[in-house]
Structures are given as structure tokens and as C-alpha cells.
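Novice: Residues per chain, in single letters:
Protein chains: 2
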Amino acid sequence: MQLTVIKVGGNIIDDDTKLAAFLKSFATLSGAKILVHGGGKIATSIGEKLGIESKYVNGRRITDRETLSLVTMVYGGLINKNIVATLQSLSCNAIGLTGADGNILPAVKRPVKDIDYGFVGDVTNDKVSVTMLSRLLHIGLTPVFAPLTHDTKGNMLNTNADTIAQEVARAMATHMEVQLIYCFEKKGVLADAADDDSVINSITAADFEELKAAGIVSGGMIPKLENAFSAISSGVKKVIIGQAEDLHALYTGDSGTCIL
Amino acid sequence: MQLTVIKVGGNIIDDDTKLAAFLKSFATLSGAKILVHGGGKIATSIGEKLGIESKYVNGRRITDRETLSLVTMVYGGLINKNIVATLQSLSCNAIGLTGADGNILPAVKRPVKDIDYGFVGDVTNDKVSVTMLSRLLHIGLTPVFAPLTHDTKGNMLNTNADTIAQEVARAMATHMEVQLIYCFEKKGVLADAADDDSVINSITAADFEELKAAGIVSGGMIPKLENAFSAISSGVKKVIIGQAEDLHALYTGDSGTCIL
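Chains as they are written, first to last, in numbering that gives the first Met the number 0: chain L, 0 to 259; chain A, 0 to 259.
Fair warning: there could be bad hints in the mix.
No distinction is drawn between identical chains; accordingly, a pair holds when it is met within one copy or between any pair of copies.
30 Å max Cα-Cα, derived DSBU-like pairs, lysine-lysine [said to hold, decoys possible]:
no. : residue 1 : residue 2
1   : K23       : K112
2   : K40       : K54
3   : K108      : K23
4   : K186      : K108
Note that these hints are calculated values from the structure, not bench results. These numbers were taken from a predicted model, which means no experiment stands behind them.
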């Protein structure tokens with residue numbers, strides 16, 4: 000069995016037109032697939048109306064109990080179920096999930112060290128329920144994950160969508176051939192940050208070291224690529240980074256940056 | 000395969016202590032089971048904070064687009080996922096669903112006659128996906144339904160939890176032995192409305208006619224019982240009406256009113 004795990008972020012979730020186009024493209028991809036979606040600004044705007052302040056420590060968002068209720072509603076309810084309803088209208092048999100559903104993503108509440116992040120869950124690939132996820136795929140369903148997990152003690156937890164996509168891909172790679180597609184704002188990894196068309200088609204581990212040394216890859220792109228190589232080293236066949244608008248071409252290998 | 004479909008309403012959802020006790024009891028019930036939960040007052044209180052007015056025409060709630068977003072968030076996200084996380088902590092492998100997930104409950108937006116109810120879905124047993132629901136049960140999951148369906152055209156719809164429980168039970172009864180438990184405020188159908196302990200143990204169709212004629216059963220109890228008899232005539236083996244607090248005794252037949 001071949002499986003594609005696709006992560007789409009808030010920039011698409013927040014834009015009705017882009018989201019509709021993305022889901023239309025997603026629905027037509029052949030083979031088994033899993034979608035992981037991020038949050039989006041709608042949680043912040045609903046939170047403001049509810050009087051729930053966004054709290055940050057050292058630039059990192061803190062998930063207190065009120066914020067946890069907010070993201071459980073908005074990510075797990077509003078965003079997730081509207082994506083599922085749209086995919087169903089496109090004949091894609093989607094099922095909306097959090098990590099609590101079917102106990103697929105049991106997580107550990109992040110331990111308090113310097114910062115107490117609150118109800119944030121860390122999930123690792125060895126804890127992902129490959130069995131349950133495989134069963135859902137085998138009965139013809141397309142799982143759609145909200146960025147939420149649970150602590151197995153009755154609490155939901157807020158979890159980064161990139162991490163969920165990566166850990167699910169790594170876990171599933173032990174049982175099937177997996178490719179992982181990260182959709183982000185750019186068309187791929189750029190050779191020239193000022194030129195959106197300077198996409199580097201593929202990057203090996205050796206290339207990555209050279210690109211870092213030359214300063215071509217820097218900032219937030221470094222952890223993204225490190226995660227991609229970590230997925231490859233865990234058995235994920237291909238990681239593709241590119242733009243959600245090009246999903247079909249990312250899937251066929253005709254767009255984006257391929258990490259091998 | 001034997002299946003128990005249980006409906007629990009807002010009066011329990013709104014009370015943390017009662018909900019915890021109910022879920023603890025639910026988790027221990029043996030055999031395949033499905034939970035359908037209602038809404039609760041929390042949607043109204045969150046709606047008020049968001050400035051979403053509850054609209055009524057002739058005493059019936061209207062689901063406009065804003066209200067639909069509200070119930071999708073609160074019923075499908077907040078309430079549903081917290082129930083799932085709690086059941087998981089009790090070793091019950093729950094999966095939270097709306098009717099859009101797996102296309103299990105395709106519904107028809109209620110046609111506008113005298114009143115436009117807005118985004119309200121009517122679901123009928125012949126449309127319930129018995130196949131998908133059976134598959135989920137067979138892979139060891141306990142479905143937990145929020146009172147939401149979809150129109151198969153991309154819209155979520157607000158749907159009465161009693162109706163979902165009844166139509167799911169009727170549909171599944173074509174494939175397995177089904178009992179349906181309705182949890183409500185009273186211990187069962189009462190012979191004397193003023194005496195909470197005057198529960199009638201069982202009611203046949205003939206009894207029902209007599210009870211109606213004698214004025215013992217009246218008001219909102221009549222449609223409840225009519226629905227129960229309609230479920231029985233569709234092949235549901237037993238319908239039990241009683242108090243959520245007595246779930247275990249309802250399940251074993253030692254409490255509540257049994258409709259045969």
C-alpha cells in the first residue's frame with residue numbers, strides 16, 4: 000500500500016477560496032491519503048470575542064485551560080468538520096479525527112522546564128497507533144487530523160500540525176510506502192530568497208550541508224529541512240515541500256523541493 | 000452481534016459530575032455500543048459571548064449560518080472531543096463522529112414550508128450507512144455521535160440527537176440485534192407524575208393506548224413513546240427509557256420503562 004501524508008497550514012485554512020481549491024485537488028489524489036491541518040487565525044478572532052487572551056512567553060504561545068477549550072472547539076469542531084463536509088461533497092470519504100479518536104495519537108503533556116506551555120502535547124512516532132490508522136485506511140476512509148492529541152488521562156492537548164504530520168508519516172513508514180508533503184507559503188526551497196521561481200528541485204543530505212554553509216538555507220527553513228531528513232532516515236520514502244496551490248504537481252513530483 | 004445505542008441529553012452534558020459518572024458507567028457496558036449526545040446549555044452561553052442570538056419562530060429554534068458554526072464548534076468539537084478523551088481514559092476506544100464523518104448520516108436540509116428552520120437536517124434510517132458504521136464497530140471502535148449531520152453538498156446540518164439515536168438504531172436493526180436506551184430526566188414512564196418512584200416497568204402497544212386514554216401518559220411523553228414503538232416496529236428489539244444515573248440498571252433491564 001502507498002500512502003501520502005499531507006500537511007496544510009493556517010494560511011490556506013484562513014482563505015475560503017484557497018481552501019476550496021486545495022480540497023478539490025486533494026480529493027482527486029489517488030491512493031491512500033491522510034490530511035493534517037493547522038489552526039488558522041479564526042481561533043484567535045473567536046478567542047478575542049470570547050475574551051480569551053492569547054498568552055505568550057518568550058514568543059511561544061501558552062495553552063491554558065481556556066485556550067484548550069477554544070482550540071478543541073475551533074480546530075476539532077469548526078475547521079475539521081467543515082473540511083470533512085467539503086471533502087464528502089467531492090466524493091472523498093473523509094473522517095475527521097483528533098489524536099484522542101481511536102487513541103491514534105496518545106501524547107505526553109510537555110514537561111515544565113523553563114516555560115510551562117500548558118496543555119501542549121508532544122507526540123512521538125513510536126506511540127502512533129499504526130494498527131488503528133491502517134484499519135481506517137483499509138475500510139476506505141481518508142483521515143483528516145486536527146492539530147490536537149490527548150494525554151490518555153482525559154485531557155485533550157494542543158499539538159503542532161507539522162509534528163503530527165511528521166510523526167504519522169514516520170510511524171506509517173514501518174508498514175507501507177509513505178510520501179510526506181508539507182504545504183507552505185513558498186513554491187519550495189529557494190536558491191534566491193528574492194526570487195520565488197528559484198526553487199531547488201531536490202536536496203540530498205550532502206546538498207543540505209552545502210546550502211547551510213553557503214547561507215542559502217537559513218532561519219526557519221533549517222528546522223523544516225532537518226525534520227524532513229529525520230523523516231527520511233526513519234523510512235519515509237520522499238518528503239516534498241511546496242505550495243498548497245500546486246498540490247497536484249507536488250504529488251506527481253512536478254513542483255516543489257523533494258528531499259531524498 | 001448485539002448492539003446498544005444510547006442517547007444522553009443536555010441535562011447530563013451540562014453537569015460535569017453527572018457526565019463523568021455517566022461516562023464511567025457507559026465505558027463498562029459490554030458488547031458493541033454507540034453513544035449519541037445532545038447539545039447542552041454551553042452552546043447558548045458561548046453563543047451569547049460571541050453575540051450570536053438564539054432565534055426562535057413559534058417556539059422552534061432556527062439554525063442560521065452563525066448558529067450552525069456555533070453548534071459545529073461546540074457540539075462537534077468541545078463536547079464531542081472531551082467525551083472521547085474521557086472515554087479513552089476509561090479504556091473505551093471511542094471515536095467522535097458527526098454524520099459527515101465517513102458519510103454515515105447524510106441528511107436532507109429541512110424544506111421551507113411555513114417556517115424556515117435554516118441549517119437543520121432530517122435524517123432517515125434508510126440513508127444511514129450501516130456498512131460504514133458496522134466496519135467501525137468491527138475494528139473495535141465505539142462511535143460517539145454529536146447531533147450534527149451534513150447535506151452531502153458541503154454543509155454541516157444541525158440535527159436532533161433523539162432522531163439520530165432512533166434512526167441509527169432502526170438502520171442497524173436490519174443487521175444485528177439492537178437495543179435503544181433513551182436517557183432523560185425521569186426514572187421512566189410514571190404511573191403518577193407526582194411520584195418519581197411510580198415507574199411503569201414495561202409498556203406494550205395495547206398498554207400505550209390504554210395509558211393515553213386514561214390520561215396517564217400525556218404531553219411530551221406521547222411523541223417519545225410513539226418514536227419508541229416506531230423503532231420497535233422497524234425491528235429494534237427493545238427500547239428502554241430512564242435516567243442517565245441508572246445507565247447500568249437500564250442496560251440490564253433492572254430500571255426504567257421497557258417498550259416491547
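Novice: All the hints need checking, so say for each whether the structure fits it.
Specialist: Verification of the supplied hints:
1. K23 to K112: neither (43 Å within a copy, 34 Å between copies)
2. K40 to K54: Close inside one copy (15 Å) and across copies (28 Å); limit 30 Å.
3. K108 to K23: between (35 Å within a copy, 23 Å between copies)
4. K186 to K108: neither (34 Å within a copy, 40 Å between copies)
When held up to the earlier numbered hints, the structure conflicts with 1, 4 and fits the remainder.
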